[in-house]
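Participant: Residues per chain, in single letters:
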Amino acid sequence: MSEQPLVHATNLVKVYQDGSYVPVRALGGVDFRVEAGEFTAIAGPSGSGKTTLLNLIGSLDAPTEGRIEVAGQDLSLLTRKGRADFRLNNLGFIFQSHNLIPVLTAAENAEFSLLLQGVPTGERRRRVLSEFADLGIEEGLTRRRPAKLSGGQQQRVAIARALVSRPKLILADEPTASLDSKTGARLLDKMRDLNERTGITFLFSTHDPMVIDRARRLVVLRDGLIASDETRN
Amino acid sequence: MLRLVKLAWRDIWRNRRRTLLTTGAVFFAVVVISLANSVQFGTYDAMEQSVVRLTTSELQVQHPRFHEERTLEHSLQEKALDIDELRLAHPWIVAASRRLTGFGLVSSDSASAGALIMGVDPVHEPTVAGLLRLDSEETTLTANRPQSVLLGAVMARNLGVIPGDSVVVLTQGYHNVMGAEVYAVQGLVRTGTPQMDRATMVTTLTAAQDLFSMPGRYTELVLRTDRHTTAREHAMRLESTLATEEAAVLPWQVLMPDLDQMRRLDDASNAIFYVFLLLLIGFEIFNTTAMSMMERVREFGVMMAMGLKPSLISGLVAMELAMKVLLGIGAGIVVTAGVVAILAGEPIALSQDMRELYDDFGFVVDGLYFTSRPSIYALPVVAVSIMSLLSMGFPILKMRSFAPVKALRAA
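Residue numbers (the numbering used here), protein chains in the order written: chain A, 41 to 273; chain B, 82 to 492.
Honestly, the hints are just simulated from the structure, not real lab data.
The beta-carbon is built from N, C-alpha and C at its ideal position, and this holds for glycine as well.
Wrong hints could be hidden among the right ones.
Rough simulated footprint, nothing fancy, chain B against chain A, three-plus residues with beta-carbon under 8 Å [what the hints assert, rightly or not]:
#, stretch
1, 93 to 105
2, 116 to 125
3, 133 to 139
4, 142 to 154
Input sequences plus hints: build the corresponding full structure.
Facilitator: Here it is in structure tokens:
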């Protein structure tokens, strides 16, 4: 274990209290570290706190208690704008339902974060095409809008979008849930291959056995607490 | 930035029907209000011009107190103002003529009536006002016949006189000197304004100066200018250059406040209709903005997760709205300009009944006139822009409390 982990969460507590509903304690004091280059799955039954933990690490939400550092940055010290900048420059997201922007083409979707980073057009195009080639996205698909792509193609574009800016950490929330098993397995293999080749850290929230099988570290959450944490070879 | 513009442009065509609805509403507002403005401004301009050029003309130079206190003591000396110099200094003065206006009692054998007695320069008066620019030779005053007068048609009827008869005129002149004279009725004046036709007597300036015992003096220098709509500006400019402080320049709006007020009243009643129309359009704009925002909450959540700042998302929605509104405004102006270009050259003729109705109000209007001046677009463009700016407040406020994690959970 290195001195400076990529993710370092200490005593994370998250309580949801919407309106007059009874408060829900999604995380009950989690201590969690992720080293750079890991390929880790967070598993557990529904309501165990997987997505909540991912959202907190992704600075999409703030903990009720506790402290969280990602890439050496204490997230609680960031403003709203600062969190947006932090996500742009350090994180990539892959969502369960792809969430591509429907009015942009596949290539435009993939280069969106590069555009926000101010990467010049030529460089953007080069990196997107290289990522597409890596993920097996045919050139003929680059100008298609999401509605004209299959679910697997859309998810590959979403992965390309997350990878293209070379983030330090990719957070994937149930990335295979909307895919058939064959497509899901192929994409997972591709992601693991990318992890091995580029050293990009992947953190999955899942209860898909395919993801769990391929993860080199498996963290199981139950009732908002870490029930087990197993590293595999 | 360019990519955001591109994104906004594609976004507005995502729901084509809604975009057409918003753009159509703006288009409708611009066309309706601009056309209404065009006909209102055009017809009012024509009416005002007809009345102004019949009686007061655009500007009058008077003694500073004459307009409030119409006494002959507040008169001007002919030598005090040089008409040629004025016209040279202000090329927009098209024509000028002096008048002497006083009051007197006009009597025939059988009746008497109070009258406004106007002494006019028979040569120059027709160039400044239409009162004496009538076709009949009967109404042409000449300096050769100083003892002749024109009587308002109604007044002549009341007095029981016809052209060729004589009337006796009694006045209290300059410095309260009594004046009395017998004049031959040369012709009748029909101005279209019943009040004037009932109590006006017109004679030459020289005859009036003799009658009121004020040779070399007059009460009004009447100025015709190139445009009646700029009378106030011209009045201020001219007054600042007058050599004497014993003279004031009054625009027609001051000389005939009723005419100006009538237009303002009409403007106010139209404004109520416009406000209702614009409120409807405003609600439509607000509604579609809110809808387009609410149905993309999840998408905005994804964008924020990717690092797009909330302010840029607000900007994106505002840009989309601006595009829709500008499309509507642009199309509205193009269509209105086309319609106005056709109608501006050919006024819509009024029926006889409508003309008589206008006549009753003292207006000589033969049709509905359209104007193409740019100000007809000012109200709808400014009002729709303000509505849009207010509607843009919604996404800006909404984004302030926009949490990406909640947005990503949205259906």
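Participant: Run every hint past the structure and note whether it holds.
Facilitator: Each hint tested on the structure:
1. 93 to 105: Result for this restraint: holds, n = 4.
2. 116 to 125: holds (count 4)
3. 133 to 139: Holds: 3 residues of the stretch 133 to 139 of chain A have a Cβ under 8 Å from chain B.
4. 142 to 154: Since three or more residues must qualify, the claim that chain B covers the stretch 142 to 154 of chain A holds, with 6 doing so at under 8 Å.
The earlier numbered hints are all upheld by this structure, with none contradicted.
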